[in-house]
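Novice: Please take these sequences and the hints and turn them into a complete structure.
When you line the sequence shown up against UniProt numbering, it's residues 1 to 591, in that order.
A couple of the hints might just be wrong.
Stated by the list, open to error - Per label pair, the in silico range of CB-to-CB distance: (1) T526 x E571: 31 to 41 Å; (2) D395 x A62: 29 to 39 Å; (3) I350 x A45: 21 to 31 Å; (4) I546 x S342: 35 to 45 Å; (5) T235 x Q184: 32 to 42 Å; (6) A45 x E571: 55 to 65 Å.
Simulated from the structure, these hints should not be mistaken for laboratory data.
The C-beta atom is built at its ideal place from N, Cα and C for all residues, glycine as well.
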Amino acid sequence: MSLSSPSLRKNQPEGIDPPHPTALEGQSTSKSTGRLSLKERILSAKHKATTKDGWFGDYDYAWLCIPSLPFGSNATRNLPPFYSLDADLPLALAISSGLQHALAMLAGLITPPIIFASTLNLDSATSAYMISASLIGCGILSLVQVSRIPLFRGYYLGTGLISVVGTSFATLSTANAIFDAMYQDGTCTSIVGSDGTVVRNACPDAYGKVLGTSLICSFLEMFLAFIPPRVLKRTFPPLITGTVVLLIGASLIGSSGVPNWGGGSNNCQTAPTGIFALCPTTLAPRPLPWGSPEFIGLGFLSFISIVITEMFGSPFLKNISIIVGLAVGSIVAGATGYIDGSSISTAPSITFLWVHTFKIGVYPPAILPMLAVYASLAMEAIGDITASAECSRVDVRGIEFDSRVQGGVLSDGLGGLISALFTVTPLSIFAQNNGVIAMTRCANRSAGRWCCVFLILFGVIGKISGVFLAIPNPVIGGVTTFLFASVMVSGIRVLSLMDFTRRDRFVLAAALTFGIGDLLVPRIFTELFNGVNNPGSGLQGLFNSITIVLSTPFLAAGIVAVIMNLILPQERDTEEECDVESSLEERKEEV
Numbered sequence: 001m002s003l004s005s006p007s008l009r010k011n012q013p014e015g016i017d018p019p020h021p022t023a024l025e026g027q028s029t030s031k032s033t034g035r036l037s038l039k040e041r042i043l044s045a046k047h048k049a050t051t052k053d054g055w056f057g058d059y060d061y062a063w064l065c066i067p068s069l070p071f072g073s074n075a076t077r078n079l080p081p082f083y084s085l086d087a088d089l090p091l092a093l094a095i096s097s098g099l100q101h102a103l104a105m106l107a108g109l110i111t112p113p114i115i116f117a118s119t120l121n122l123d124s125a126t127s128a129y130m131i132s133a134s135l136i137g138c139g140i141l142s143l144v145q146v147s148r149i150p151l152f153r154g155y156y157l158g159t160g161l162i163s164v165v166g167t168s169f170a171t172l173s174t175a176n177a178i179f180d181a182m183y184q185d186g187t188c189t190s191i192v193g194s195d196g197t198v199v200r201n202a203c204p205d206a207y208g209k210v211l212g213t214s215l216i217c218s219f220l221e222m223f224l225a226f227i228p229p230r231v232l233k234r235t236f237p238p239l240i241t242g243t244v245v246l247l248i249g250a251s252l253i254g255s256s257g258v259p260n261w262g263g264g265s266n267n268c269q270t271a272p273t274g275i276f277a278l279c280p281t282t283l284a285p286r287p288l289p290w291g292s293p294e295f296i297g298l299g300f301l302s303f304i305s306i307v308i309t310e311m312f313g314s315p316f317l318k319n320i321s322i323i324v325g326l327a328v329g330s331i332v333a334g335a336t337g338y339i340d341g342s343s344i345s346t347a348p349s350i351t352f353l354w355v356h357t358f359k360i361g362v363y364p365p366a367i368l369p370m371l372a373v374y375a376s377l378a379m380e381a382i383g384d385i386t387a388s389a390e391c392s393r394v395d396v397r398g399i400e401f402d403s404r405v406q407g408g409v410l411s412d413g414l415g416g417l418i419s420a421l422f423t424v425t426p427l428s429i430f431a432q433n434n435g436v437i438a439m440t441r442c443a444n445r446s447a448g449r450w451c452c453v454f455l456i457l458f459g460v461i462g463k464i465s466g467v468f469l470a471i472p473n474p475v476i477g478g479v480t481t482f483l484f485a486s487v488m489v490s491g492i493r494v495l496s497l498m499d500f501t502r503r504d505r506f507v508l509a510a511a512l513t514f515g516i517g518d519l520l521v522p523r524i525f526t527e528l529f530n531g532v533n534n535p536g537s538g539l540q541g542l543f544n545s546i547t548i549v550l551s552t553p554f555l556a557a558g559i560v561a562v563i564m565n566l567i568l569p570q571e572r573d574t575e576e577e578c579d580v581e582s583s584l585e586e587r588k589e590e591v
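Specialist: Right, here's the structure in full:
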């Protein structure tokens, strides 16, 4: 999911020396292949592991770690050299930069499985496994993106950039709507209490059906990968991608971020009786009513920690400010008795994929929404690849860049298929780590490979997942609300690149009519087909599909935007014509 992705060239102060030559030269290569021979690789590895230069090089590690205090010495210090994609990178810098990439995206990776597990009321063991599987799957498929594997006739698999992948927030928003439909049509069961409170039973089969549906729909994005990137960009211009990303972030704030900040996104926010009379449940160490000042304070503490880290933290801490917010909030929550450590004690020390499995199936009403999700993933991938290329100082024009887009979208689609087999919902390219590239001035793929190693390691160590599960809802809410708001800002940034002609404003207004309306009144379309008497199973499935699409703000807005963009004729903006005419008049007067 695309977050802030500033251009590195814009962030570079004037007067800074050009990239250090030793950081750009790399190793000597075989004349016949243009690549390092096996002997050269062995010598290079030996040099890195046994020499001080191989370990540390001439990078300014003090600059990386010293806080940004007012009038501090690092305020005027020159920036370190820039390390390009395949430059000779010191081992210590590769490891530390890879760790920063992993930590910068960690909160975004653990959030979707935690929300999925909470929505389906899954037990802590299954929830911990879902987090581990997500981290392992992200590490493996990120390695594919970084590698850029050649296929045939100039086609590639992967971008060859530090393009990390994670569970798409688009999938998260859509899956929640699919889960709601499953509970409504009886696919998943619920219990109605004596007071009328509806409590959802655990439904792991619903997760399996989402995985199976995702698996068959992933072929759409693989097909889109073989369409020329220029055609894709014309079909999905920034006007559409920006709108989709904006509404993804906005819907997640309302459905998950703020409700968790208040104490929980489950039934407890409606203040019923029974187990959900208090948040997160009456069985928690310190249950309280939803929206209690204690909950709001914990979430705000996490939020303000992120702000303070951005103000005074070192470049290393700024890159992992989300993790700092989680850590500070968790420490205070633990000291005041809000943390239940059972998830940590019951979590396995070591785990891997397929320790828990889900019954794979297909939920027909979810096919249409999931196809729309994969189309939106292709849109996001194009924008995220462009942002990563800019930060990595790679030309965003020409055949080579088009091949990077093709390889990234293909890997995205293939990742949707493989991730389902990994028991993980669709994985797509993230852009959270672009800030790490810009700040550390390290776009080297060795750092990307170390990032993959850390992600897999975090997933294999099962206790880490138990720690994440133990974090109280308000702490998670304070952090994820900021994270989802960053997604919104990314969409706004994409929209800001538009010239906004009259036609563009019209298309955006038409899309937001459905998107914002759906966001503010979520149940407006849920009763749309209730007046149809005795529909067959096939027709009812179609009705459910349409309802899910219309009930998901970014899908409804995205579809309207695509249709309007295709059917409305291109025209010159009247304001632009006025500007042209006025400039001509001025020239005549000058003559």
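Novice: Indicate, hint by hint, whether the structure satisfies it.
Specialist: Checked hints:
no.	hint	in the structure
1	T526 x E571: 31 to 41 Å	holds (38 Å)
2	D395 x A62: 29 to 39 Å	holds (33 Å)
3	I350 x A45: 21 to 31 Å	holds (28 Å)
4	I546 x S342: 35 to 45 Å	holds (42 Å)
5	T235 x Q184: 32 to 42 Å	holds (34 Å)
6	A45 x E571: 55 to 65 Å	holds (60 Å)
Against the hints set out earlier in the document, no violation occurs for any number.
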